[in-house]
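Fit chain to chain and form the complex, with the hints in mind.
Residue numbers (the numbering used here), protein chains in the order written: chain F, 1 to 166; chain B, 1 to 271.
Worth flagging that the hints you see were computed from the coordinates, not collected in a lab. We put the CB at the ideal spot given by N, CA and C, even for glycine. Careful, some of the hints might be misleading.
Partner residues are not named here, just some residues of chain B that face chain F (Cβ under 7 Å, in silico) [to be verified]: (1) N106; (2) A178; (3) Y188.
Listed next, the stretches of chain B that the computed footprint assigns to chain F, with coverage defined by at least 3 CB atoms under 8 Å from CB atoms of chain F [claimed, not checked]: (4) 97-104; (5) 149-161.
Read off the chains here:
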Amino acid sequence: MILSYVFTALIILLSLLVQGHTSFDVIRIAGVKPDLVFIAVVYLSYSFGSFYGEVTAFAGGLLHDAVSNSPLGLLTFPKVVIAFAVGMFGRSVLRSNIITISLLLFVVSILKGFITLFLCYVFREASAASVLDIILPEAFYNALLAPPLFFIFDRIFARELEREGY
Amino acid sequence: MSLAVQSSTFTLTVEGIISALVMPFQKAYDGIQGGVSRLWAGFTELTQVREELQRTRMKLQKYESMTGEMSEIRRENDRLRRILGMKERVEFDVVPASIISKDPDNWFRTIIINKGSNDGIRENMPVIAYQGGQKAIVGKVIEVRGGISRVAPIVSSEIRIGVKLQESRFPGLLSGFAGGSNLCKMDYINRAAYVRFGDTVITSGQGGIFPPGLVVGTVIKSYPLESSAYQRAIVKPLVDYDLVEDVFVIKKDVEKDLLELFSEGEKGKEE
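Chain B extracted, bound-state conformation (with noise of 0.2 Å):
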């Protein structure tokens, strides 16, 4: 039910006036409250930004400590590259391949990628692969044809890489373990050497292929030679030979004179 006032210009109703009436109220009331809450949240959420507060400036020393402590690390490793006289990393060119094919027997161990002489592909160049965000060697190209090239991967019997354990250092020559195995063995590590699993297992850099520093996997077992000043690791490769479909050819020049130094040894031990 409503009551109207009608003129010429306006229609007064009561619900009109009514509503004019509380609206004032309304809003004073309203604002009232509003502020009663932000004032009483102040109070209750004191203590906690108190507590934010002072674990922010616990991570903050945290930070600043250790910002200092890499700063230190990072004066240290320069200085000591500097008495070392270590040459700075080279990155190589890379040339993307896929793999087309693998050794069709059993017995061997061989992939072929699709890319050859017509991409600057050449002989002995290292072929690594990306595994977990890390570099890993695959192998190094044995042959080379116009459009695609032959690879020895790292588990074929008939490949020789210097390496080295990251950790203690000392030099090893890796081979494949034996013809279906998808493992290496590290042969002629010093006795005293302490080999334990898990340690990772790079490139030296001797023998002119390779380059220094690549991952090539980890140690699973080790035991000392019968009747020799030696013992021998078996390691893992990073990168599975049954499992890589894409590699990359690192368009490195073979040194030379390393190359001809071993094969001369190499040689004369046939002899």
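Isolated chain F, as found in the complex (with noise of 0.2 Å):
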């Protein structure tokens, strides 16, 4: 168990150095970037229930929200709602499957998005013309992202999903 804790912690920060880092600008297309931590934590959340997910949700939210420009705790909100939820349902109620996981976060992608709209609107300043220009985007990119990044968290938490009867 400590392994995947221990495996967790180096998958947050690697995709926090991935999203900030210059040399990895390649990723960005049309100005936006996947959100890997997000996907992350959508992926714990749906093998290891809610709670493993809020955990992971809030300290890589806090995370985000350091190294980002935004108000402490809003872009931490929006992932924990989200793990939340995935939680509920997890991998015995959604199966494992391309279209099931792609379709899964393209929806819960469009929900934090709104989620963080809401948040900027209430905290900061928002506009519409982030739905097209953030959160369609992003939608796409994560949703195209998350089948072969649960693969390879498969392949990573292998021992733990055996365990836990997958």
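As structure tokens, then:
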């Protein structure tokens, strides 16, 4: 189990590094990058339940907030909410195949986007243009990247998944 | 076949004798032929040379008139500067820096550079980059640590810059257009201003942070705001947030009086 925590921490840190460092700017398409931390959080909720996902979302979200220019908690809250929702269904309800995973990521990315937009509206400044500029492209990008990433995560957490009975 | 007469001092051959006899004639022929060629070329090239001379004279006249015009413009410029009491442009010290990270989220726009307080960088210092041989504005420093600083780019919605249209000189206030957009909006432009596509937007120097005259970008669209006395222009920054790699931080102290005045104004609006 300890190994899973270590892997989780490493995945979150690596995702933040890839998202933030200029060396990985090639992943930016039309000015939008995928939210790798969010994909990891969804995977962990999907595989190990709400609690594991929420804790990861909280820790990962705070780290994300710390390195971003966002007000503390603005990027954490949507991740925690989505982690809770995905964990409610999880792997036992949603079958693990490419279409399901892509659709799941697309829908939850849209949800996350609208929660963030609402928080931006309340605490800072929001524009409806963000739906087309950020929310939709990011949702497509996340949905596209999710199947290969889920495949890699399945290999990393193979022993833990086996213990869970998947 | 050769016939040779040999004595104790030299050898006389038939070829040697013939060549000694023919050589002066060969030289003479060569000289005459060269002379005729040069003479002929002189006749044929004369027309070309005359034409070339004509063209060169015309070019010279053109450049002489241009020099006259330029010196006239320079004198006029000096005179206008004196009349308007304009200050000579002050060149500031700059610190070159590389971008080591950009905001990991799509909703916010910040840049992390590899220079901080150890290099003399302080908050609110303007950041520029060279794009196509032009100095263009990138943003301003909003947070400083020992070896790194955080820069808010002009596409960020939290930045406000006093700008003006270079051609018509109408002022406005520039800020980021929307969360994930790489465009800016220029507000509070007088409705009387004729804003055209491609108009250059420069810093006005108001606000106390950015020096005047720095290029910001070009206008790509403008429209009047409903129920407002102003119009808005959408500005495409010269420096692309996604592509910028190296920047320069201008070591310029903030004009505190102006900054405090603006801060009080902002507070007043919020209340």
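A quick look at each hint next to the structure:
1. A hinted interface residue such as N106(B) counts as satisfied when its beta carbon comes closer than 7 Å to some beta carbon of chain F; here the least separation is about 5 Å, so the hint holds.
2. A distance limit of 7 Å between C-beta atoms decides the matter here; for A178(B) the minimum to chain F is near 4 Å, and the interface restraint holds.
3. Because the smallest distance between the Cβ of Y188(B) and any Cβ of chain F comes to about 17 Å, over 7 Å, the interface hint for this residue is violated.
4. Figure legend: the segment 97-104 of chain B, annotated as covered by chain F; annotation consistent (6 residues with Cβ-Cβ distances under 8 Å, at least 3 required).
5. Counting residues of the segment 149-161 of chain B whose C-beta lies closer than 8 Å to any C-beta of chain F gives 5; at least three are required, and the coverage claim holds.
Of the numbered hints given earlier, the model fails hint 3 alone.
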